[in-house]
Structure formats: C-alpha cells, structure tokens
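Take the two lone chains, each set in its own frame, and fit them into one complex as the hints suggest.
If you're matching them up, the sequences are chains A and B in order. Everything in the first sequence is counted per the numbering used here, starting at 795 for the first residue and increasing by one. Everything in the second sequence is counted per the numbering used here, starting at 3 for the first residue and increasing by one.
Hints in this document: simulated from the structure, not taken from any laboratory. Every value quoted in this text rests on a predicted model; they were computed, and no experiment measured them. A portion of the hints provided could be inaccurate.
Not the full set, but computed from the structure, chain B residues with beta-carbon under 7 Å of chain A [stated by the list, open to error]:
#1 Thr211
#2 Phe216
#3 Tyr229
Covered, in the sense of this in silico footprint (three residues per stretch, anywhere, with C-beta under 8 Å from a C-beta of chain B), are these stretches of chain A [claimed, not checked]:
#4 1114-1128
#5 1142-1152
Glycine included, C-beta positions come from ideal geometry on N, C-alpha and C.
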Amino acid sequence: MSLLKLNNIEKRYPGVKALDGVDFQLREGEVHALLGENGAGKSTLVKVMTGALQGDGGSMTYRGEPLRLKSTAQAQSVGISTVYQEVNLLPNLSVAQNLYLGREPKKFGLIDWKRIREQSREVLKRFALDIDVTQPLSSYSVAIQQLVAIARGVDMSAKVLVLDEPTASLDSDEVEQLFGVMRELRDQGIGIVFITHFLDQVYAVSDRITVLRSGCLVGEFETAKLPREELVGHMLGKELQAQAHRAQERDERATGEPLLEMDQVAVRGSLQPTSMTVRRGEAVGLAGLLGSGRSEVCRAVFGVDKKSSGKLKFSGRERSFRKPAEAIEAGLALCPEDRKASGIVGPLSIRENIALAVQARRGWWRPMSRAEQQELADRFIAELQIATPDADKPIEQLSGGNQQKVILARWLATNPELLVLDEPTRGVDIGAHAEILKLIKKLCGEGMSLLVTSSELEELVAFSDRVAVMRDRKKVAEIEGEDISENNIMQAIAEA
Amino acid sequence: MNNLQPAAAKEQPVSPAGPRGLLPPLNGRYLWPLLGLVLLLAINLVLAPEFFQIKIVDGRLYGSLIDVLNRSAPVALLAIGMTLVIATGGIDLSVGATMAIAGAVCANMLVGGVDSIFLIVAGGMAIGILIGAVNGSLVSFLGIQPIVATLILMVAGRGIAQLINSGQIVTFQNEAFTFIGTGSVLGVPFPIVLVLIVFAAVQLLMRKTALGLFVESVGCNAGASHYLGVNARAVKMMVYCIAGLCAAFAGMIAAADIQGSDANNAGLWLELDAILAVVIGGASLMGGRFSLVLSLVGVLIIQCLSTTIIMSGVPPKYNLVIKALVVIFVLLLQSPRFQAQIGALIALARSRNNKSVGERAEA
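Next comes chain B alone, as it looks inside the complex (with noise of 0.2 Å):
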C-alpha cells in the first residue's frame, strides 16, 4: 500500500515552464480555475482524507483521485476537441451524438468479425473525422452558424447510431478492444493515457506549428484574418474534424466500458460538460484565445465534484444543485467585475481598520 501526496498528484498541470513554453506561465488567468480546483480538493482533505489514498493492487493505481481522472476521461476528451472549436469562435453540440456513432460502429466491426484491433480503431477514428468533416462543411462553406449546423447531427447523429446498431445495443467480447476502457499501462489506467497522449498531440500540433495562432486569429476576427490571407474555412474544418476524432476517441471508450454499444445513452449530454468544462477553464464562447490544460482543468473541476458530493454523504438528491452552486461560484471568481468588487470590499475593510487605528492614535 502506498500513500502519494495529493501535491504530487495533481500539480501536473501547473509547470513553471518560460513564457509561451508547450505549457503555460502562472499568471491571472490560470490562477483561478486552478485556485477552484485547489478548493475543492481542499474540501476533500478535511471531509474525507481518504479522497487522496492512491493503492496499487494487481499493478494497477486504485483510489478515488485515480477514479475520477478515469471518469473524466470521455469529457476531458471532448473538452480538448471543444476547445479549438470555440476558439474559433463555434460550437459543436454533436460530439456526444459522435461518441454514440464511433461506439457502433466499433461495435458492429466487432460483431461482424473484424479481428484487427487496428483495423476497428481506425475505423472508428474514421467515423469521429467524416462526422468533424461534415460540421466543418457545414460551418465553414456552407457557412451555417455552427450551434445550428452541429444540432443537426446532434439530433439526428444518435438516429444514425441506432440504424447502425439495427436499435439494438449491440454488446462485444474482444479483449483488445476492452482494454481501452478498462486496460492500464504502468499502472494506470488507459483512458487517463489516452487523454495523455491526445492532449499532448494536440498541444503539440497548435503550439509547435502556426494552427494555434490561426485559430486564436480566426476567433478574434474572422474579417481580419481574411484580410491577411488566413484560410479562415481550413482552419475551422480542422478544428471540428478533431473535436470529432477526439469523440470518437471518447465514444471507444465508453463503448470498451460497458463491452457494448447503447446508441441511445452513449455520451448523452457530454457535449454539455465538455462546454462547460471549456467555460469553466475562463474561455470565451465568442472565440480567440483558448488553453488546452484550463479546459482540462475545468473538466477535474466538474468531476471532482460529482465524487466530493457523493463522498462528502449528501443525499445524491442535492447532487446537481451543488454542482450548478459550485458552478457559478467558479465562474464568479474569473468574472474579473467580481475579483475587482472583492478587492473593493477587502480595500475598504482594511482602510476602516487604519482609520479606527487612527482614531484611537489620536485619542
């Protein structure tokens, strides 16, 4: 048995690399989604200390922390997709209709007698991009606004994962495949590796070659970008050609999971985390600036908190009340009109203390 110190653990985001290294500097900006994240986990160590007992059995980490980055690993993959989608200024509600789809059709190459584990990943990736491909089209040339364009796939993305599945749920025994839910490498468990490794290569394709930069430009002023020769539709066919990769990634997941695919209930309402995850992380919906590893934050923050509330023995009733609280209360400590109020409030506090200092000075 082995206890990890919470610091280590979750501190990974955080790196003191120099200014616009892969990962970002500490400033304002990251300070409070992370001062949120810190909050909560805080909470966690006085109501149940237990939260950050990480044990190996069978070689593989087991312990509450370890569970929630595995459950958060569907919407942290949607949420790295979504980020770049709302940096340009979209949105795409289809990606839980997408991880419905990706999961049938894995699951039907399965049933149907697919036996390379390649073969069936690969057609699921080619799923999640077609579908990105079809948002783009309709975004970028077709020039729909995107909360349109992505609803109809929403709507009728989970239709098509019935008509795949025959409106079965078509269930699977393939252990390769079942390892992407369930498998571990080193110890920990693969969905939180595969987050890793889409994170990582993401990061790397908009930070190490000009994609970021276009992104944020498109999202800032599409116009403008225009003018000065940015491929304004390539970009964004990109971007929602990931978001979809990255929920096909996340619907293989779920899928490997439950060792079937439920067109009905795969990735429902995720969509809706992944954005607020985004938000959470201090994004803008109207576009322009965007940061990978907040929106991951934001997705600890959501699911921390689900586990806080069920650990911390309130009725699950209140749940998604607390969560809504919780919630606001995020996005009220980066609402920079608030933080200048609370500076107002701690400013005038201390200047009547000085003052009553003074008046007894005098006296």
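Chain A extracted, bound-state conformation (with noise of 0.2 Å):
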C-alpha cells in the first residue's frame, strides 16, 4: 500500500531546474533507495519531503489524503522523520535527553527523570542497543549516535524515515547492525527511504530503487531484478567503463629523484616515527583504516600540525613548514579530509575560491583582476566539468563532487609540485567519483607528485606506484608494483 507519493515535483533554482516533474512513491514497509549522481536531485527530493523546502509544482499524498508540508516540524508531527549524516542531535546531553528532547514525559508540571531513563532503555531495546541512557551522546561511537537519531525519529511515531547517507561515517560492522534496524522497521510496516553512495548497501537492504538523474526520473525498479551494471548505467546515462589497471604503465614510468623524503618524522599525540619518500612524477598511496595515521602523515607533511621530530626534505631541501602557507610556497598542495570545515569557503563564489590560494601566494598587495579570476575559474569548470550555470555561485550550493573538483581547481591552479590528496572521493558519488579518478590519473600521467589517501582499495590499486600502509600512527608495509593488489594491502593492513 502506498504511503507516501509525490507527484510530478517541480523544483527551481535560479538558473537551474533542480526537479523537472519527479514522481515517486514510497509503500509500507519497504527499503526504497534513492540514487542519482551529483546533482540529480536527491538532495531537492529529500527536502520537499520532509518539509525543508516547498516545491514549486507538483503534489503529495499521504497515506492517501493531500498534504501540504510548509516545515521539517510539520513532517515530523504527520510520521515523518529524517535522520541526517552528521547526527543531529546534542552530544553533550544525555542520550536519554536527547531521545526526548522537547517532548519530555512531565509529573506534576516537571520532567519526569525516572520515566524518560525507563523509556529510552525501553527504545533503544528494540534497536538491541544496550548502553547506559545517563551518559552523554558523545561519549559513545558515531554508529549509535547514529542509531539514538533514529530511535528518536521511530519513537515520534514515525510512518516514514528518510535516511540521507547515514552509513558515510560507519564502519563495516556497524553498517551490519544499523541494516538490522532497518529490516525489522521494515517489517513492522514503517517506509523508509535510503539514500547512499555505497552500490554494496544498495543490494544489501533494498527493496526498491528509484534513479534521480540532472532533475528528472530515470525509473523505479525492484532491486532484485535489476543488475547492477544496469542500474550504473542509468545513474550515469551510459555504460560505466572498466577500470583500466595500470600495471603494465607502471613498469614503463620512469620515476625521477626523491621529492619529498620523510626520515622518522613524529608529531607528538599523532604520528610516530615514520619514514616514506615521493619521487618525482610517482603517485604515492597511503592505505590504512580510519584513524591509522594516513590523514596525519598529510598533515605533517603539509605544515598542519608541527613535526615534533625526524627531518622532512622536500626538492633536495630539509624543510620544516610550521604552516600551510611555508609548504604552499615550497610548491605543495593539499586538499584535506574534511571539506566542509578546511576545505570550502562556504559563502564565497566558484570563482573565489578558485583564486583564493594562487591569491594568498601571491599576497595581498598583488590582487587578481575579476578578469584573471574569472578566466581561471572558466578554464577549470571546463576541464574538470564542474556543473554549475557560472563561476558565481556560492561553492556552499554544489553538491559533494563539485564542491571537491573546486578545491581541486584550488590546487591545481598553484601548479603545485607535490599534490597531496586526502580521501579525494570521500562523500563524492558515483559519476564524481569516476571523473576525480579520472583526473587522479591523469595527473600521473602528466607527471606530477601525488600522496593520496583512500579508504577504498580499489582506488589505490588502480593509480598507486606504491603503497605504504599505515597502522597505530605509524608506516608498516610499503607495497611496490606488480605487488599491489586488494588483497596484499588488506593483509598488511590486518597483520599483526
């Protein structure tokens, strides 16, 4: 029976048609996902509802009645919740609090503390979450703050649940537990809609699928009959390519002298001794699980965070930048993990953050001209196909991959020598994925010095000259040539 519908949605920007005339529809218990590339719509989709943004055309219906949602809170009051990526919720109350946050059961006019205590054991017992209700949100792992988010939109009875990316942050086991939560919410009749990058998870715990692609419905299908090439190729509008390996190159790619050398270099709290070297025009991958010191090495290396001790040389050097801006003028570049707080200036336009760091190289007395700007800007939303109607938009209205070939204009526009990129194709789909890839490649094959962290194996072995693993904050294993593969950087990985 269906639960919710949305009918011939209409959304615009101002230069762009977001949705163009969506439908789609969401039957109880059932696991729909919803899948696009960047910029399909998903996002617009997701908003309209749950009551985030109001379309400028088109119906809904729920549970067969109308329904108009002007607000999130007017959603959440009919059943229907949204639990986001990054949880939102209060890490420094109490979970109990924050599962009944603003609609605390009240005694004589008070917050009843006792029953709230015994009610949040009693919910987070259905999601087999046995943890101390007392304690603060934040002190317990990203996976069950996640699932106290959705405990807490299940609880406010909710008929339907959108998750957008909720497995982004969550490791493998964790994604297994929170997969569990969602079949047997299935089964008790709720609808939820999934909405993720992870093909895998798709498979795993859908039942539906509907493809979003520049705005407009490609279909729903049932996932079980629809192969997964297929279902790539209606999300990117043609046959997704094989990955072409670069086995048979590597051999031929000369690599020159060493470029960056580290020689045990440590950041006190962070990275213990580690030793590793970039040659020039080799592509150097860094692989190890979250936490294991990749994101770290970056950082020393870049001037972040200060070596503590060890020598870093870099063009034959010994150099010890105490700031970005020393390796950034010693020819480095790095775009970092966490786009949304080191990587996009938000408000600004395309354009400017584009210029911004082959500006502040240049200090602040030489200013670019508009025009320089602009033609730079124009001449990197061409090659790296960003998708924007012009270089004035706020970089904050780009989806993920935009937002990420943005800061990758940012870099390349230094000419930088060393290109370090940390997790390049994190929270990126699938079509962005596949172009940041592209150009990863293509660097190489220009030559230049890259450092790329990942977390996907694939993506290593598909563009590294070498492989260094990394564990506990510090190297372990380096792998070289015809010796990558999934499988040997795993083992190095697990090895104890």
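Here's what the structure looks like:
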C-alpha cells in the first residue's frame, strides 16, 4: 500500500531546474533506495518530502490524503522523520535527554526523569542497544549516535523514515547493525527512504530503487531484478567503463629523483616516527583504517601539524613547515579530508574559491583582477566539468563532488610540485567519483607527484606506483609494483 | 538660499556601477537597508518638509540633512572599522574607549605645547593603531575571544584616558585642531569630508587589493583559510588596527567638537551604535561578506531616526523606545523569512481576489 506519494514535483533555482516533474512513491514496509549522481536532485527531493523546502509545482499524498508540508516540524508531527548524515542531536546532553528532547514526559508539571530513563532503555532495546542512557551522547561512537537519532525518529511514531547517507561514517560492523534495525522497522510496516553512495549497501538492504538524473526521474526498479551494471548505467546515463589497470604503464614510467623525503618524522600525539619517500612523477597511495595515521602524514607534510622530531626534505632541501602557507610557497598542495571544515569557503563563489590559493600565494598587495579570476575559474570549470551555471554561484550550493572538484581546481591553479589528496573521493557520488579518479590518473600521466590517501583499496590499486600502509599511527609496510593488489594491502593492514 | 532636492543629496551610496565595481550593484542585499532609509526620509518629507532644506550661510552648508551627516560622522568612522572586524567574525567593543584615549592624547599634546597639527594628528592616529594592535594580538596570537579581548580595553581604556588627563577634563584652544570638528571644506563640514576620505581609502584598500577577499575568506571559514595559505592572523591584526585608527579619527572629531577631552563621556556607548549600524546594514555577526556602503546606510538610518523623532514633535522621552521599534522593523525587513511570509500573504490575498472574481464570473 502506498504510504507517501509525490507527483510531478518541480523545483527551480535561479538558473537551474533542480527537479523537473519527478514522481516518487514509498510503500508501507519497504526500504526504498533513492539514487543519483551529483546534482541529480536527490537532496532537493528529500528536502521537499521532509518539508525543508517547498516545491514550485506538483503534489503530495500521505496515506491517501493530500499533504502540504510547510516545515520539517510539520512533517515530523505527521510522521515523516529524517536522520541526516551528520547526527543532528546535542552531543553534550545524555542519550535519554536527546531521545525525549522537546517532548519530555511530565509529572506535576516537572520533567519526570525516571520515566525518561526507563522509556529510553525500552526504546533502545528495540534497536538491540544496551547502553547507559544517562551518559552524554558524545561518549558513544558515531554509529550509536546515528542509531539513537533513528530511535528518536521512530519513537516519535514515524511512519516514514528518511535516512540521508546514514552509513557515511560507519564501519562495516556498524553498517550491519544499522541494516538489522532497518529490516526490523521495515517488517513493522515503516517505509524507509535510504540515500547512499554505496551500491553494495543498496543491494544489501533495499527492496526498490528510484533513480534520478539531472533533476528528472529515470525510473523505479525492483532491486532484485536490476543488475548492477544496469543501475550504474541508469545513474550515469551511459555504460560504466571497466577501470583500466595501470600495471603495464607502471613499469614503463620512469620515476625521477626523490621529491619528498620523510625521515623518522613524528608529530607528538598523532604520528609515530615514519619514513617515506615520494619521487618526482610518482603516485604514492596511503592505505590504512580510519585513525591509522593516514591523514596525520598528510597534515605533517603540509605543515598543518608541526613535526616534533625527524627530518623532512622537499626538493632536496631540508624543510620544517610551520604552517600551510610555507608548504604552499615551497610547491605543495593539500586537499583536506574534511571538505566542509577545512576545504570550502562556503558563502564565497566558485571563482573566489578557486582563486584564493593562488591569491594567497601572491600576497594581498598583488591582487588578481576580476578578469583573471574569471578566466581561471572558467578554465577549470570546463576542464574538470564542474556542474554549475556560472562561476559566481556560492560553493556551498554545489553538491559534494562538485565542491571537491573546485578544491582540486584551487590547487591545480597553484601548479604544485606535490599534490597531497586526503580522501579525495569521500562523500562524493559515483559519477564524480569516476571523474576524480580519471583526473588523478591524468595528473599521474602528466608527471605530477601525488600522495593520496583513500579508504577504498581498489582506488589505490588503480593509480598507485607504490602504497604505504599505515597502522597505529605509523607506517607498517610498503608495497610496490606488481605486488600492489587489494588483497596484499588488506593483509598488510590486518597483520598483527 | 538654495533648496536642494532630497534625491540628489541622498543617493550617493547607490551607484549603477557594474558588477563588483568599487560600488556595489543594487540587488536584494542592498535593497532592504536602502528601503529602510528611504522610508525614513519619506516620513520626514510628510512630517517636516523643512528637513530637506539646505541653506548656505557664510559659505557653509546648513540644514537638517547636513546635521544628520555631520553628527553621524563619529559613528560612521567607527562603523567602517567595525564592518571589517565583524567580517572576520570578530567584534570590537573598545572603539568608544579608544575615542576617549585618542582625544586625551591629542588634548594633552596641545596643552603640552606641541605646535604642529600634523604631529598631533599623527599622535592620535598612532595611539589608535597601537590600541588596535593590542586588540589584534589578543585575538589572533593569544586566541582570546574577540568579545572578551576587546572588553578589556573597553573598560580599561576609559581608565587609561582618565590617567592621561589626570582625572580632569582637559580643554584647549587651537584653531587648526578645532577645524577637525567644526571646519568645512567647500561648504561641507569637515567631519563629513573625513568620513568620505576614510571610506574611500578603506574601500580602495579592501577592493583594489586582495585584502577584502582575505577578510571575507577568514570570516567565512577560518580553518579553510589557514589550509589554503591565507595568513589569518595578519588579516585579523590588520582589521583591528584599522578599527583602532578609525576610532582615533572619531575621537579627534569628538574632542575638536567640544575643544576638550572628556575621558568619561567621549564616545560613550558609540561602539554599540556602530555594531548596530553594521547589523542594520545586513552583515552577519558570524563573519563573512561585508559592505562598507551598507554599514554607512545603517549609520544614516540610526542618525536620521533620532533627528526625525525630535523634529516630529514626539516628546523626547519616547525617543529610545521608538528607536528600538524602528530598528526591529528594519531588521525584520531584511529577514528572508519575514520577506517570504509577507510574500505568501500577498499571494494569498491575490488568490482570494482571483477566486472571488472567478466566483462572480461563474455566477
């Protein structure tokens, strides 16, 4: 039976049609995956169905009744709950307080803390969570926080649960735990809209798939009857080409003298003494689990964290970068892992975001003219296929993949000798993912030196000349040439 | 006697300059504060048409409009500096006290027998920059929150000014220095001229170098700015120094105006007017995009308002309350949510109209 139905939804932004007559139907007791590339209109559609945005056209019905949502609060009150990628709760309050925030059970007009605690335990039991509900939310892992957010949504008698990339920051066990809960909720008749970038997860948990592309509906499919290649084809609007392996090219590529040499470089509190070398024209991959010291290497090389011991040589000279500006001056560039906090300058335009690093290097007294900025921005928008009507759009209005391309453009504009990419494909959808990988390979081909971290091993295998494996904040292995394979890297990560 | 048209006198901040010229385009962001100002002027036109009369007496312009501009000069100067500080995500509460210190330094130099007006003005400017540098160091090197860091000098600054004045009100007679407060250039009172000069200089500094971009970048995302090589410390240092310098100019106007330095009252609470002006101009206290023009519009709104209330014959005791109400109204006008709600109301009224027309047609 149909639970939530959106008919012919339209949404226009200045210069873009974000949704162009999209239909979407969520049935009772199903997990419905909503898929699409960057700028396909997923987020906009979710915002419309959760009341965060009002469509310019079209209609909605909810359990057979017409529905007009004016706010997320209204959506919540009728039973449509949303859990976002970043947990939207208050980390400093207790789990129980978070669960009942704004709807605390009262006794004589005062908050009945005892009942809150009891009910909280009750609710969480349903999610197979046996945790101390009086502890602050922040004392638990992101996965548990995520589950608490879902529990809160479900407990507010949700009939529709929208999960916007809930798995982005979870490890595989935690993902399984979340899926268990999702299946159970589905069996209770709740309709779940599931948005993710991971195709494996789509096939693991969803019953139906709706694919969007450039604001239009491509179609609704039953997951079991849709082969994976076909799904990717629908999302991209073309056949996905097999990832070419670079094994042969690798041997042919002559690598030059050492460009970056780390000799027992350590950072107090975050990096154990680590040595590694990046030669000119070489692409070095950094593998390892979250918290293994991958990002810490990048940060130490780029001067974000000051090294406490060891020697760092760049271009043959011993260097000790105290801040990024010095590293940039020497010819380094870093695309940071946390795009939102350390990458984009949100309200500024694409043009300004691209020009900033070049401008910072030139200094404030030698400004780039607007025409120079525009030319730079236009060149990279075309070269990296950044999807935007013009360069004056604030970068925060772009999708994750396009934001990442702008950050890449920013650094390529400085013409660096060594480009450090910390998780360049994180939180980026499959289309942009492929394009960014293609770009990395192209840069390799042009002889740029790269140091790239990634949690996706097949990525590292695809372009690395050498892979350094990190564990417990130090390098534990280095794999070269023919030996680079997902299997070998995994073994090195896992070895005790 | 000359009567000038109000439009000609008022529209100087609006310029049809191209996109991102020195002066900004007239888009939504600029529309609402300007609308507030125009509305206020329209009220004056109805209540007291003489508000717009400008006379020339002894080669100097006189009239309510000129008064408004002249009286708003100190706050306008503070607001120019405050705009930059707020754009970096900071705030400077010490500018009022800085006015007092700069006034005290100039007054004591005058009394102490320094003859050169250049030396005296340079002394005032130097102390302003020094105070800005102290604020800037506290914020950027010691990492103290701006509101706390500048609160120190807001409180201590008046004490320092009193110490400089030995607890007295120091008065002086000096024609050259008094000119800063009461002189005029080509008929225009000098404080207005000074505001225009400082505005032009700061605007050029911000928009014709990359400083403005760096200020906005640091204000929008200090972390990312650090990663991409912007020297956020230097940028912050710079804006606090500019704010200090602007405050020193304002202090010199205040001192020259009364031919003396009153450590207790010079610039008292003016930092709050300056912050209010920047906010009315539509800037976010979180930092980010800034517009000096809009802040100056904010200053004019505040000053126009006081004058309007007095001229409209409302008893002065209502002054502050009415001011508060108008400020709330202007801020509401700028709120996207309020605009959307008004828009929805208008649409609703329209659809009702159409409906009733339709019903009549059917009947």
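inquiry  = Going through the numbered hints above, which ones does this structure break? Give me the numbers in ascending order.
reply    = As far as the earlier hints go, not one is violated by this structure.
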